[in-house]
Structure formats: structure tokens, C-alpha cells
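**Student:** For reference, the chains in residue letters:
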Amino acid sequence: MVHADPNRQPEAMTARSLTAGVLIGIGVAAFLDETVFHQLLHWHHFYDRSTPTAGLVSDGFFHAGGWLCIVGGLFLFADLQRRGSTATGRVWAGGLIGWGGFQLYDGLIQHKIFRLHQIRYHVDLLPYDLTWNILAGLGLLAGLMLLLRSARARSNRPQPTR
Amino acid sequence: MAPGSMAGSGPLLRLGPVLVFLVLLAAMVAYGIGVARLRARGDHWPWSRSAAAAIGFGCLVAVLVLDPVLDLVPLLVPVHPVDVMALPAHAVRHLLLAMTAPLALAISAPITLALRTFAGRPRRTLLTVLHSRLARALTTAPVVLVLDVGVMYALYLTPLYSATHRHPYLSALVHVHFFLAGCLFSWYLVAVDPMPGRASTRTRMLVLFLAAGSHDLLAKLMYAHLLPQHGGSPGQIRLGAQIMFYGGDVIEIALAVAVLSGWYARTGRQLSRARRRQSETGTGTGPGSAEVSDETPGTGTSARSTSRPG
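As given, the protein sequences belong to chains A and B, one line each in that order. Following my numbering, the numbering of the first sequence begins with 1 at its first residue and continues without gaps. Following my numbering, the numbering of the second sequence begins with 1 at its first residue and continues without gaps.
For the record, the hints were derived by calculation from the structure and aren't laboratory data. All values derive from a computational prediction rather than experimental measurement. Some hints here could point you the wrong way.
To be verified - Going by beta-carbon spacing under 8 Å, a handful of chain A positions derived as facing chain B:
id, residue
1, V57
2, D59
3, G60
4, F61
5, L68
6, A78
7, R83
Unchecked claim - A short list of chain B residues far from chain A (calculated; beta carbon distances all over 12 Å):
id, residue
8, A27
9, V35
10, L75
11, A86
12, R123
13, V143
14, A212
15, H215
16, L217
17, K220
18, H230
19, G268
Note that CB positions come from ideal geometry on N, CA and C, so glycine has one too.
Chain A on its own, in the form it takes in the complex (with noise of 0.2 Å):
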């Protein structure tokens, strides 16, 4: 939709503001993952001779999903911006909300039932797995309460006159 009022936003561009948000969440959150846990610290393996197969196909797409989606969230938020109706507090929200979530199923389903990787070895793993799945759980807390609060703000907000 093409709407010159800025004030105006419709329905489809707050729900595309929340969708940039979660893609550019997970993506960042793969990014991280992949440059500072895999290359730079060298703490998470590539393969750990304990990894199922599961293990090495949910990664696989996760890998290759995290990176179709940071480009995906980057050309949605440039079209929002061209079009001058980006729902900044829904790109945040939805923002939080990806990173947490794949942060979250990281820690507890690819690390703990798919046993991919674990978050280091040779160390005490409990510290570092409360760390990173709390982390990413209040993320994902935080992305859903901001996500009310814009709701709740839109819906007290005048409906426009047509």
C-alpha cells in the first residue's frame, strides 16, 4: 500500500515492521553464533563427534536460514523506509523475539536434544548454558512485552478519519 500520511500506517506495514524484525533478530543471532562462538572464541566446534544426524540436518538449515533471513529482514526495513511507514516499535519487538527465540531453541533443542555442539568444552557447561538460555529467554520476554505495549498503544490511539 502507498499512503503519502505518515500518520496513516495500515494493517499490512505494521505486521511487515514485526516480520523485518524477527528475520533481522534471527539473523543477527545466527551471525553472532557463526563469527564470535565458532571463528573468533573457537569454543563451539564445527562437528562434535557426538552430533545424530537430526543434529546436523537442523543446523544445516538454521546455518543457511540465518543468513536468507538477516538479507530478507534488511531489503523488508529498506522498503518500509521507502515508504516511510516503518512501525519502529515493531521492528524492535519483533527484533528481540527472533534473536531470543533462535537463541533459546540454540541452547535447548540444538545443543541439548540434537546434542550439536555444546557452548564450550573442557569447563563445567552449567554456568554457560544458564547464561545463554536465560539471556535469550528474557529477550524473548522482552520482545513479547514491547510487542503488547505497541499493541495496546495502537489500539488506544483515534482511529484516523477516512
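Place chain B on chain A using the hints.
**Tutor:** The following block gives chain B in isolation, referenced to the frame of chain A:
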């Protein structure tokens, strides 16, 4: 293993690279002549397309000279000889031949160039081929995926890879297949050239996601199970699998950018058209004038076909 042993098995194989080089040269010259003819009659042809063509042909020439260069290097400087039959060299070759070159060539839009420079019978023949049932069947998502990624699984996870070491013709066939399948994949995704029944942006992104995920999974499977057989020492196979994994990422990101910049440019044109219309009608508050149907990434083709005149 000396790669020279392969060259001794027939005159066609020894001449093969030279013939391929001549074909490449002819294609390069043809592209250049096409662009020059467009320019001469005052038509616009984006320089980015010519640059993409140069990169594409450059990658293919690099594949041709990679093995001889790798053989020569240890003779000139004291380094450990590179085993050109082992997986790392194969992975580099594969990234250039099956991924980078096809992507660059798809962006260079040679079919569009041909349609704009050819006239009469050659042009009609090209259009017939483009609209043929075979072309339509080849450019459907499952076929593209099976030909591009499915065959890779067959090559690396079965004894087929070892067989290509024993039979040079099979090796040549596999390389030709990878180039052509890579072209099909890139043309399908980039979609700069005309294609009947082109898939929507959303479908193409989904196909890219499936292919990229399968590619990364295959690299990890090879690393984990030390496949393919005869891919070299465990260290060489692990290095080759990582080249495939991270090199693949770079090309996959480039492919995603190529797919989505097409969508971005198309919606941008619609947006500016709508804004022009809005300023012409003045207020633009009426439901019909203020809004145009938004093209989400999912409805690429439908919006495209409705905007076509007639």
C-alpha cells in the same frame, strides 16, 4: 597422484580444455558484439550486466587453468604440491564452476541480450525454445532442486566420486552437469532473463533456502563421515568440506541479494508510479487513487502479469 595421468588417456581429453576455452572465447566475443550493437543503435545496456559477464567468463577460465597452475606452483616456489585430485581443489573448482560462474552469467542476462539483438529466424527459434514444454518442465522447483543439489548428494555420498577418478570421461560429464545445473538454478532464482511461468519471489526464496540448507547439511555429512571415498586424507576431506560450507554461504547470500533486489526494484517502480498518479490526481484520498495493490514478496508474478499491457 599426477593429474597428467588423466591427460594421457585420449586425444579428445587432451584437446578438451582447449576446445572449451575456444567455446568460451566465442561466447565472450558474441556477448561483446551484442552489447556493442545495442550501444551503436543508442540502446541502454547496464554496465553491471557486462561486468557480471566478465566475472562469469573469468571464473570459467580460472577453472580451466586451475589444475595446471596448481601443478606448476611447486616447480617455481618451494611449497608442498597441491593434490588436484583431492577434495579441497575439487571444492574450489566446484564453487567456481557450479556456483559463482552461473550466478554471474545469470545476472549478465545473455538471453535478454540475444532477444534484443537477434532478428528474424534465430530470434523465433530462441523464443520457441524458451516457451517449449521442456523449458517449462526444467524450470519447476522440484526439478531444479533435484538436478542441482540431489545430484551432489549422489556424487559425494556414493562411490560415484571414486568412479570419476578412474574414468576421465565421467569426470568431464560430471563437471558439465554441475555447470549446467548451476546455470539452471541461478537462472531460476535470479530471473533477470525472461522465463515462461516464472515462480514468485516467495517460492524462489524457499527454493534457495532448501538448496542452501541441503548444501550445508551435505558439507557437514561429508566432514562427519569422511566422504567422498578417495577424497584424500581425513584432513583434506575436512578442509574440502569446510571450503564447501563457508564458500557456499557466500554465494548463497549473493543469490539472496540477487533475488530480493529484483523484487525491491520492481516494487520501487510500482511505488513511484503510484506516487506520480497520486500527485496528478491532487488529494489522493479516495480509496482508488491513494492505494495500489501492494506487491508482497509472494505475489511477484501475478502483479507482473497484470501490469503487462494487453
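**Student:** Determine for every hint whether it applies to the structure shown.
**Tutor:** Here is what the structure says about each hint:
| no. | hint | verdict |
| --- | --- | --- |
| 1 | V57 | holds (6 Å) |
| 2 | D59 | holds (7 Å) |
| 3 | G60 | holds (3 Å) |
| 4 | F61 | holds (4 Å) |
| 5 | L68 | holds (5 Å) |
| 6 | A78 | holds (7 Å) |
| 7 | R83 | holds (7 Å) |
| 8 | A27 | holds (30 Å) |
| 9 | V35 | holds (29 Å) |
| 10 | L75 | holds (34 Å) |
| 11 | A86 | holds (19 Å) |
| 12 | R123 | holds (35 Å) |
| 13 | V143 | holds (21 Å) |
| 14 | A212 | violated (4 Å) |
| 15 | H215 | violated (7 Å) |
| 16 | L217 | violated (3 Å) |
| 17 | K220 | violated (5 Å) |
| 18 | H230 | holds (21 Å) |
| 19 | G268 | violated (7 Å) |
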